[in-house]
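A.B. asks: Given only the sequences and the hints, what does the whole structure look like? Please build it.
Heads up: the sequence lines are chains V, B, P and X, in that order. Using this note's numbering, the first residue of the first sequence is number 24, and each one after it goes up by one. Using this note's numbering, the first residue of the second sequence is number 24, and each one after it goes up by one. Using this note's numbering, the first residue of the third sequence is number 24, and each one after it goes up by one. Using this note's numbering, the first residue of the fourth sequence is number 24, and each one after it goes up by one.
In this list, chains with the same sequence are indistinguishable; a pair is considered to hold if it fits within one copy or across any two.
Derived lysine to any residue pairs resembling SDA-like cross-links, with alpha carbons at most 20 Å apart:
1. K216 <-> R45
2. K101 <-> N147
3. K181 <-> M237
4. K181 <-> E236
5. K196 <-> L167
6. K181 <-> P242
7. K137 <-> N66
8. K101 <-> N70
9. K137 <-> N279
10. K181 <-> R241
11. K137 <-> G54
12. K227 <-> V121
13. K227 <-> A182
14. K137 <-> W100
15. K198 <-> E157
16. K128 <-> N147
17. K101 <-> R119
18. K181 <-> P140
19. K181 <-> S240
20. K101 <-> A138
21. K32 <-> G142
22. K198 <-> W264
23. K196 <-> D48
24. K198 <-> R45
I should point out that these hints are in silico values taken from the structure, not numbers from a laboratory.
Protein chains: 4
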Amino acid sequence: MAYMPNADKLPDVQSLEPDFPRPIDRVGVRGLRFPLALRDRANGIQNCLACVDLGVDLPASLKGTHMSRLVETLEAWKEELGYESMRHLLENLQLRLVASRSWAKFSFPYLMRKAAPAGGSSANIAYDCSVTGELDGNRQTFLLEINVPVMTVCPCSKAISREGAHSQRALIKMKIRIARFVWLEEFIELAEKSASSSLYTLLKREDEKYVTEMAFSRPFFVEDVARRASEFLERHTAVLWHEVEVESMESIHNHNAFAFIASK
Amino acid sequence: MAYMPNADKLPDVQSLEPDFPRPIDRVGVRGLRFPLALRDRANGIQNCLACVDLGVDLPASLKGTHMSRLVETLEAWKEELGYESMRHLLENLQLRLVASRSWAKFSFPYLMRKAAPAGGSSANIAYDCSVTGELDGNRQTFLLEINVPVMTVCPCSKAISREGAHSQRALIKMKIRIARFVWLEEFIELAEKSASSSLYTLLKREDEKYVTEMAFSRPFFVEDVARRASEFLERHTAVLWHEVEVESMESIHNHNAFAFIASK
Amino acid sequence: MAYMPNADKLPDVQSLEPDFPRPIDRVGVRGLRFPLALRDRANGIQNCLACVDLGVDLPASLKGTHMSRLVETLEAWKEELGYESMRHLLENLQLRLVASRSWAKFSFPYLMRKAAPAGGSSANIAYDCSVTGELDGNRQTFLLEINVPVMTVCPCSKAISREGAHSQRALIKMKIRIARFVWLEEFIELAEKSASSSLYTLLKREDEKYVTEMAFSRPFFVEDVARRASEFLERHTAVLWHEVEVESMESIHNHNAFAFIASK
Amino acid sequence: MAYMPNADKLPDVQSLEPDFPRPIDRVGVRGLRFPLALRDRANGIQNCLACVDLGVDLPASLKGTHMSRLVETLEAWKEELGYESMRHLLENLQLRLVASRSWAKFSFPYLMRKAAPAGGSSANIAYDCSVTGELDGNRQTFLLEINVPVMTVCPCSKAISREGAHSQRALIKMKIRIARFVWLEEFIELAEKSASSSLYTLLKREDEKYVTEMAFSRPFFVEDVARRASEFLERHTAVLWHEVEVESMESIHNHNAFAFIASK
Numbered sequence: 024m025a026y027m028p029n030a031d032k033l034p035d036v037q038s039l040e041p042d043f044p045r046p047i048d049r050v051g052v053r054g055l056r057f058p059l060a061l062r063d064r065a066n067g068i069q070n071c072l073a074c075v076d077l078g079v080d081l082p083a084s085l086k087g088t089h090m091s092r093l094v095e096t097l098e099a100w101k102e103e104l105g106y107e108s109m110r111h112l113l114e115n116l117q118l119r120l121v122a123s124r125s126w127a128k129f130s131f132p133y134l135m136r137k138a139a140p141a142g143g144s145s146a147n148i149a150y151d152c153s154v155t156g157e158l159d160g161n162r163q164t165f166l167l168e169i170n171v172p173v174m175t176v177c178p179c180s181k182a183i184s185r186e187g188a189h190s191q192r193a194l195i196k197m198k199i200r201i202a203r204f205v206w207l208e209e210f211i212e213l214a215e216k217s218a219s220s221s222l223y224t225l226l227k228r229e230d231e232k233y234v235t236e237m238a239f240s241r242p243f244f245v246e247d248v249a250r251r252a253s254e255f256l257e258r259h260t261a262v263l264w265h266e267v268e269v270e271s272m273e274s275i276h277n278h279n280a281f282a283f284i285a286s287k
Numbered sequence: 024m025a026y027m028p029n030a031d032k033l034p035d036v037q038s039l040e041p042d043f044p045r046p047i048d049r050v051g052v053r054g055l056r057f058p059l060a061l062r063d064r065a066n067g068i069q070n071c072l073a074c075v076d077l078g079v080d081l082p083a084s085l086k087g088t089h090m091s092r093l094v095e096t097l098e099a100w101k102e103e104l105g106y107e108s109m110r111h112l113l114e115n116l117q118l119r120l121v122a123s124r125s126w127a128k129f130s131f132p133y134l135m136r137k138a139a140p141a142g143g144s145s146a147n148i149a150y151d152c153s154v155t156g157e158l159d160g161n162r163q164t165f166l167l168e169i170n171v172p173v174m175t176v177c178p179c180s181k182a183i184s185r186e187g188a189h190s191q192r193a194l195i196k197m198k199i200r201i202a203r204f205v206w207l208e209e210f211i212e213l214a215e216k217s218a219s220s221s222l223y224t225l226l227k228r229e230d231e232k233y234v235t236e237m238a239f240s241r242p243f244f245v246e247d248v249a250r251r252a253s254e255f256l257e258r259h260t261a262v263l264w265h266e267v268e269v270e271s272m273e274s275i276h277n278h279n280a281f282a283f284i285a286s287k
Numbered sequence: 024m025a026y027m028p029n030a031d032k033l034p035d036v037q038s039l040e041p042d043f044p045r046p047i048d049r050v051g052v053r054g055l056r057f058p059l060a061l062r063d064r065a066n067g068i069q070n071c072l073a074c075v076d077l078g079v080d081l082p083a084s085l086k087g088t089h090m091s092r093l094v095e096t097l098e099a100w101k102e103e104l105g106y107e108s109m110r111h112l113l114e115n116l117q118l119r120l121v122a123s124r125s126w127a128k129f130s131f132p133y134l135m136r137k138a139a140p141a142g143g144s145s146a147n148i149a150y151d152c153s154v155t156g157e158l159d160g161n162r163q164t165f166l167l168e169i170n171v172p173v174m175t176v177c178p179c180s181k182a183i184s185r186e187g188a189h190s191q192r193a194l195i196k197m198k199i200r201i202a203r204f205v206w207l208e209e210f211i212e213l214a215e216k217s218a219s220s221s222l223y224t225l226l227k228r229e230d231e232k233y234v235t236e237m238a239f240s241r242p243f244f245v246e247d248v249a250r251r252a253s254e255f256l257e258r259h260t261a262v263l264w265h266e267v268e269v270e271s272m273e274s275i276h277n278h279n280a281f282a283f284i285a286s287k
Numbered sequence: 024m025a026y027m028p029n030a031d032k033l034p035d036v037q038s039l040e041p042d043f044p045r046p047i048d049r050v051g052v053r054g055l056r057f058p059l060a061l062r063d064r065a066n067g068i069q070n071c072l073a074c075v076d077l078g079v080d081l082p083a084s085l086k087g088t089h090m091s092r093l094v095e096t097l098e099a100w101k102e103e104l105g106y107e108s109m110r111h112l113l114e115n116l117q118l119r120l121v122a123s124r125s126w127a128k129f130s131f132p133y134l135m136r137k138a139a140p141a142g143g144s145s146a147n148i149a150y151d152c153s154v155t156g157e158l159d160g161n162r163q164t165f166l167l168e169i170n171v172p173v174m175t176v177c178p179c180s181k182a183i184s185r186e187g188a189h190s191q192r193a194l195i196k197m198k199i200r201i202a203r204f205v206w207l208e209e210f211i212e213l214a215e216k217s218a219s220s221s222l223y224t225l226l227k228r229e230d231e232k233y234v235t236e237m238a239f240s241r242p243f244f245v246e247d248v249a250r251r252a253s254e255f256l257e258r259h260t261a262v263l264w265h266e267v268e269v270e271s272m273e274s275i276h277n278h279n280a281f282a283f284i285a286s287k
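C.D. replies: Put into structure tokens, the structure is as follows:
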């Protein structure tokens, strides 16, 4: 590259004083794409292309943060995603950006093989997840978000109708703080057993029969599904705190139904 | 306004010659918001806030179009939406932009009151629609796009299961060219009768019973719904051409099913 | 309607006891479409088609809420949107659903006419807003969310480059709790003066010159814009609490930059 | 699995005669997630998680297609994505579904390392791409879609303003039919050199200076960018046909500008 300005002589506008000296809670970047290794119960490691958001606080005395350092810190971080590796990233963000708080969010589709319930043929299904870490001084928080699509069969529709009941795809959105490592698969299964049925990518005729009959034997409102998932999370020994929201794409309406529970 | 440059002296960069003298098929703006009056079967007129895209062709000899004139032409157009008013807009775009082809697309939610099938209480439901006009020289085309959410009950699931059948929300997407004015409501109703059931915003218990039983007595695949809607459009005397796509948010899968038919 | 079941005899499944008697924080519907009258500084009233979410709490002893009553309560509410009318809606939701907490969110595009800064021609521009009310027992909260797209010119890029500076569209997202009525227009203008420039729908050449020069004379980072908007909200006598997030679609990156400030 | 119905005895509803015997142009599934190997110029192979749509035609005489066979055919296909492997998949879809036409679309983010133009530090950037194949009898078509975000600096704004010019992120959307293998990277670079500047993930101060000055020395309208990309595609010896659309998120407007060219 022939052209090469002298970077040392370029003014550092970010380090000027701001016109309004207010501290900024979080400043950073959104939507970086980053290849990430995830722990996978079935295969050891799963590689994905995550979407990454990074941020730090900024004191009242500085006009701007140095955003390229956020990207550099991520680039220098070569670990598989976990509680400890997240801490390394967050500490490096604090150091490199001279910040008291650092924050990182990794969003990714998590792929699993799933066997059909009767015939057993398997295929891929993906769950949208994210892992967020924050380091405030020395205190780290770690948040899992896991979105599990499921099927619900309406108990009211079933009870009042001569035949059938409306069913639909619903999404169980869980936010979870944990005290120790837990497989994502464990929470996904917990969500799936909260609903009328789990979803599948490959169902042959005997499987479709199985899923339909299973789902109709377990009719649940969004309220039921939210309560079941919340109950199961409450009982999980590794879960410190959780929120559950279930949103169902009602097949008889053009609007959705939802139910939300936060753990106390 | 104190500051007022002499616009006549500002260079007209758009009228320069381009580096690569290729004709441009369509150039314009996307996402203008514009209050629009629609013809409404029940109420005479329905006011909406449309999203508008406008475009014209550009000859090989000109570097750029004058995009502000697209906005000005729309602003000067004060008519309710229809075939004739669309022509006025398109002609004005041709004149104002010195173009041979002009194009306009209005997208809007179309609101209807809908009565529950048993109890009769009514509430609002909206359908995403668009109207696109193009004027190529003197030849005008006019395209309706109407998206109608419906319910489908799976005939296979019903036939093979001891009880129940999976149902889900599906979307019927119709593109229609017409020879004369037709109410949007007519096409919406045509789509709804193509499916297992229409959707409603307000259903009391007796209505939910009615809708469930009605839907389960009319189980349809996406293929069935696409064929029915296509057949009904084919039979409609005002329809010159149509395409139908039905996409269903399968309640047993995390992927969608679709069926597409283009009229010959 | 010939078919009419006896609704009194249909079982009320919602009133059964749930399997897991956990209280539900919020249960309801999302995505209702509803024609709404808004107070408009220039025109008195502005009619829009809002998207409405409604919810209530549900005690541990009841299996399900009666969702159709949420829709009925909204249908029976015929007022223009405001603090008092929101209270009526929330009280009616509490009464009709036998709930201790009720919640309603109205989301809508808010349309304004905006005059070009030099030539003065005017056109429409829309801002995505929402108003959320919650009634917990007798205690009401009221939250405005206003999203204002603006232009930012990068001060660093300007300071270090021989010519130019990258600019981009950015979005100022404000959440505001207020003590008395304030026009939406007031907060929109406050946000716009926080940025390098306001956006316009119709700009003639002299206006484009004006906007470019104005914006380049006021280069701001996302941090600057967040601080300015937060400062202006802090100074506003009607504002009890606010959060501001600015997100810019960086024109030199394929990711966004953001800055977030919460009032203390 | 204890429960195992006798699949042979379950009715095959799909093979019934439809009520309206109309041929269906395309029926299938949308939104399957599938791990896919892509050819990568820098690394040989790039693994991604694609989103897959599959479809076939359906004769007038059959009520439904067998959608699970679409999934099974994909699951049985274990090849890296290319012209020949696409043909195998399409042939297998025709055979397995007893169809005359088969169709497959793979959508994925394509990741590249990109070095900053002055300092040379590198980071990841992703481009949304898709590859679509169709087999009609024995005739195969193959379509690339590549979306390349870039920067545009407005030549008009630059010419008329005392200082600066508005710039913004824009997206170059290319649809391309090719006669032989071409690296995706080649088309991405071709798009990037059509614009005022390429985008980067990691830019230090000297790079930001470089990019700003480079972009301001090459101001282009969306019309210019569309013409340049179209011209470069026209000259490319492997390109049989192309369409280019450029859409820019104008930093002075809240609407977008676009220009579209189809090759003759």
